[in-house]
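K.L.:
Now for the letters of each chain:
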Amino acid sequence: AQSVTQLDSQVPVFEEAPVELRCNYSSSVSVYLFWYVQYPNQGLQLLLKYLSGSTLVESINGFEAEFNKSQTSFHLRKPSVHISDTAEYFCAVRGIQAGTALIFGKGTTLSVSS
Amino acid sequence: IAGITQAPTSQILAAGRRMTLRCTQDMRHNAMYWYRQDLGLGLRLIHYSNTAGTTGKGEVPDGYSVSRANTDDFPLTLASAVPSQTSVYFCASSELRRQGFGEQYFGPGTRLTVT
Chain A
1 AQSVTQLDSQ VPVFEEAPVE LRCNYSSSVS VYLFWYVQYP NQGLQLLLKY
51 LSGSTLVESI NGFEAEFNKS QTSFHLRKPS VHISDTAEYF CAVRGIQAGT
101 ALIFGKGTTL SVSS
Chain B
1001 IAGITQAPTS QILAAGRRMT LRCTQDMRHN AMYWYRQDLG LGLRLIHYSN
1051 TAGTTGKGEV PDGYSVSRAN TDDFPLTLAS AVPSQTSVYF CASSELRRQG
1101 FGEQYFGPGT RLTVT
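If you're matching them up, the sequences are chains A and B in order. For what it's worth, the working numbering labels the leading residue of the first sequence as 1, then goes sequentially. For what it's worth, the working numbering labels the leading residue of the second sequence as 1001, then goes sequentially.
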């Protein structure tokens, strides 16, 4: 079984500041890792994913996450945030076996102010 | 392509009433899922279906039932609603491939209030 811990429930930052949303996971098997974003009153959208290969993965809107197997972490970072990045962010993990359920963290609310 | 549609968008329901939340996808994905989202608890899996004709229980299945008569539809039924089922419900789908990965696509959600 897998589990996910998002270490911060809320992260307030000012516009153009860097941000890191922390995610740790536990699993006895190899995993795939994901970050989803949920804008207000909307469903979840996939932001980025780690399947294999390079441990640093990037999204099209400037976010990146690094898979650290030794620390079982998959922290999400952005060097300079915008007001439009205000949303809830969910880290998720699943085992690589077909049919394995996706396990979500409890979410981190990123609030960007000017 | 619409992706995943859910109905209704929101609903206020009296306790004890029966309610079916509808979910339809047009991507021909073989797997579908129902989650509930509650403040501070994230998303929790209620039921899932890896292919038409099969269903399975997730983390919080009690009080809910599902069916998967065809590929596109995956309704969630609350047989006798209780206030603790007040939540936002999300349907999702994914394509299960041989190697096990398939991105999950989410619907817009149904906000259910049980009074």
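There's no promise every hint is true.
What the hints assert, rightly or not - Straight-line alpha carbon distances no greater than 30 Å define the calculated DSBU-like cross-link-like pairs of lysine-lysine that follow:
no.	chain 1	residue 1	chain 2	residue 2
1	A	K49	A	K69
2	A	K106	A	K69
3	A	K49	B	K1057
4	A	K49	A	K106
5	A	K106	B	K1057
These are computed hints drawn from the structure, not numbers from a lab.
K.L.:
Against which earlier hints does the structure fall short, listed by number upward?
P.N.:
none
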